[in-house]
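Model the placement of chain W on the given structure of chain U, informed by the hints.
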Amino acid sequence: MRPTDFTVAGALAALEEGAISAVELTRAHLEAVEALNPRLNALITVTADQAMEAARESDARRARGEARPLEGIPLAIKDLFCTAGVRTTAGSRILGNFVPPYESTVTAQLRRDGAVFLGKANLDEFAMGSSNMTSAFGPVENPWSRRNDPGTRLVPGGSSGGSAAAVAARMALGATGTDTGGSIRQPAAFCGIVGIKPTYGRCSRYGIVAFASSLDQAGPFARTVEDCAILLRSMSGHDPKDSTSARVPVPDFAAACARSVKGLRIGVPREYRLDGMPAEIEALWRQGLDWLRAEGAETVEISLPHTKYALPAYYIVAPAEASSNLARYDGVRYGLRVEEKGGDLRDMYERTRAAGFGAEVKRRIMIGTYVLSAGYYEAYYLKAQKVRALIARDFDRAWERVDAIVTPATPSAAFAMGAKMGDPVTMYLNDVFTVTANLAGLPGLAVPAGLDAEGLPLGLQVIGRPFDEETVFAVGAAIERAADFRALPRVRAGA
Amino acid sequence: MSLDTATVRRVAALARIRLEEEEVARLQAELNGILGWIEQLQSVDTEGVEPMAGGAPRGAPAGMPMREDVVTDGGIRELILANAPDREGDFFAVPKVVE
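First to last, the sequence lines map onto chains U and W. Everything in the first sequence is counted per my numbering, starting at 1 for the first residue and increasing by one. Everything in the second sequence is counted per my numbering, starting at 496 for the first residue and increasing by one.
Derived by calculation from the structure, the hints in this document are not laboratory data. Note that CB positions come from ideal geometry on N, CA and C, so glycine has one too. Fair warning: there could be bad hints in the mix.
Derived DEER-like restraints, expressed as beta-carbon distance ranges [as the list claims (entries may be wrong)]:
1) U:PRO249 with W:ALA548: 22 to 30 Å
2) U:ALA495 with W:GLU516: 46 to 54 Å
3) W:GLY569 with U:PRO150: 52 to 60 Å
4) U:ASP344 with W:SER497: 30 to 38 Å
5) W:GLN537 with U:PRO150: 27 to 35 Å
Partner residues are not named here, just some residues of chain U that face chain W (Cβ under 7 Å, in silico) [to be verified]:
6) LEU215
7) THR307
8) TYR309
9) TYR315
10) TYR334
Chain W on its own, in the form it takes in the complex:
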C-alpha cells in the first residue's frame, strides 16, 4: 500500500496538523518508507490469534480493580486554568467556532 499526496493531506487533516505544500512530497516519501517496511507483518500467520491489547504481561494480576465512584478532588479551578493560553473568567477561551 502506498500513500498518494491526497491521502497524505487527508491524514494530516485528520491529525489536525497544517501541512505546507512543500512538506507534502517529503512526508509522502518518509511515510511510504515506513509503511513499506511495516508491510512485512502481513506475512505472519496470525490465524486464530487473540490480539494483545494493553501492556500487562501474562501472569500479571488479573483485571483492573474498580474504585468507589466518588469525587476524590475538586475546587482546583485556578490550577486547571493556570496554563491556559487564553481564558475568559473561569473558562478556556477559543477562537470563534460558529458564525
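Chain U with its partners taken away, still in its complex shape:
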C-alpha cells in the first residue's frame, strides 16, 4: 500500500505494527507535496525540515513505548492557525511576513499528541470566501475535474480550500480548517472528503486569526469519518485562554462512529429544498435518507422556518465582527506597513490597509463598518442578532422531534475557477446549507455520498444537537458505509 493512501486510523495501526515508520510516512507525503503543490497551490508554506525532525522524534518515542494518540501522523495546518516560529499569513498580504511568537491551542494540542506538520495550507484571505480565489497567495486548484471537461480547472471551495485539496490529493492524511459559514464543510464536499465543524466552544479559538468571533470554529478534514473523529478529539477541550471554549468533557468521538443509527430520528427540513436545486443533489439527499432508513433510522419531515434569512443575517453579523477584529491591522505592531514620506499616522493606517487587504476583505470591512455605524446599528446589526435568535430557536424546536438533521452539504458541485466572481452575493449563496449551523452554534459534518453526472463529488451534511458530535459521527459513518465512496480525484499522489 502506498503510504499516502493510508487513513489516519490505518497509518496509526501500521506505525504500531512497525509496517512503516513515521519518517517513511512523512517523507512520502513531502514527496507528494513536492510533486503536486506546484500545480494545486494547496500549501503556502512547506515545513519539510521541521516535519522530518518531528517524524524522527516520533519514531524514537514509539521505539521507547511512548507513542501518543497521533504519533507520526502528517497533517496540513490551515494558515489561519498561529504556529510559533512558522510564518502565518491568513492568506493576506497584510500578514505576508508575520511569524507568530506563539502557538494556537489547537495546533499545540495536535503537537502534544504527536502529529507532524507538513506545512501551512492556503485559504481565502482571512477565511473570507467560498472558492479560495481571494488568497493573496493565489488560488488553489481542486484535484478533481469534470469527466468530460478535464481541462477546466475547478475551485476546491473555501475558505479552507488548501486544507481540503491537500487531503483529497493525498498530500496529507488530514488537515485543520476553520468554519465561520461553511468553510470546512463546503470545501470538504467539493473535494470528496469529510470535514466537521464542531459545536461552538468545542475547540479553543486561541491563536486562530480571528474573522467573526461568535461564528468561528476549528475542525478537522480527513478522508474518513473515523479519521475526523480521531483528529477532533485531539483538537477539542476547554482552554483557559479562550473564555468561549466550553468546559465539557471530550468524548471518544471515534467510538461513536461504530454506533448504530437504529431508532434515531433524522430530521429532513423542508426549507432546504431550494428552487432550482440540481436534480442530482435532490436525488442524492433522498438516497441518503433511504440508506439511513435501511439501517433502522426514522426520517421525519421538519420545518426550520427562518432558514431563508440565515445568509442575510450572516452577512451582517460576520462582517460586523470582522470589521472590529480586523481593526488590529494598523501597521504598528506587526504585519505590513505602507507610508508616504511626510504622511501622518492616519495616512499610514489608510495606506497600509488599502495595500494590505484584498477586495473581498475590504468589502466586508466596509459592510461591517456601515452596519455598526451610528444610526444603522439597530436597523441592521440588532435586527440580524434577533433573526439569529429565531434561527437558533427553529433548531431548538426541531430537537424536540429529531436527533439529527440531514441535508445536502452544498447547492452545487465544485465550479470553475473564476466563476461566480462577478457578483459577491452569488458567491455567498454557496453557504446556504451550512451557515445555519454557525449561526445556531451547532455541529455539522460533510461526508461524500456520490458523484454528479460529470463525476464530481457531492456531499451530505449531518447537523446535530449542541455538543452531540457523537450522534453526528454515528449518522455520518452510516452514510459513509452505505455510500461506499471510492472515486478518486484525477490529481493525487501516485496517480
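Okay, now just chain W, sitting in the frame of chain U:
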C-alpha cells in the same frame, strides 16, 4: 437604503481604508448589491425577540468563568516587538501624530 458616494467615502474613512477615486463607483455598486439583498431581513417579525449575542448554542454550559486576576505571563518584550515594522528601543514607532 442605498449608499451614495459620499457615504461610501465616509465608511471607508471610518474603516481607515484609503480609497482611490476610481474605486468608489465599483464599491458603491457592490455594497448596494449586498445591502439590497440583506434588506429582506426587515420583513421578519422580531417583535419581543431577545437578540442572540455570542455564538454559544442553547444548552451550552452557562456563563463565562472568571479567573483569578493575576499576571500569567510577562517579560516577553522582545517577542512582542519581534514583528514590529518599526521600533525605537523598546517602543513601537509610528509616524508623527502631532505637530
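Consistency of the hints with the structure:
Checked against the hint of 22 to 30 Å, the pair PRO249 (chain U) and ALA548 (chain W) passes, with Cβ atoms roughly 26 Å apart. Look at ALA495 (chain U) against GLU516 (chain W): about 50 Å separates their beta carbons, and that is inside 46 to 54 Å. Range check, GLY569 (chain W) to PRO150 (chain U): Cβ separation about 57 Å, and the 52 to 60 Å hint holds. Range check, ASP344 (chain U) to SER497 (chain W): about 33 Å between beta-carbon atoms, so the 30 to 38 Å window is met.
Between GLN537 (chain W) and PRO150 (chain U) the beta carbon distance is about 46 Å. The supplied range of 27 to 35 Å is therefore violated. Contact between LEU215 (chain U) and chain W, as hinted, is supported at the beta carbon level, the nearest pair being about 6 Å apart and thus within 7 Å. With 7 Å as the threshold, the beta carbon of THR307 (chain U) stays out of range of chain W, its nearest partner Cβ sitting at about 12 Å, so the hint is violated. Interface hint at TYR309 (chain U): satisfied, since its Cβ lies 6 Å from the closest Cβ of chain W, which is below the 7 Å cut-off.
For TYR315 (chain U), the interface hint holds, the least distance from its beta-carbon to any beta-carbon of chain W being 6 Å, beneath 7 Å. Interface restraint check for TYR334 (chain U): the shortest CB-CB distance to chain W comes to about 3 Å, inside 7 Å, so the restraint holds.
In this structure, the earlier hints numbered 5, 7 are contradicted, and the remaining ones agree with it.
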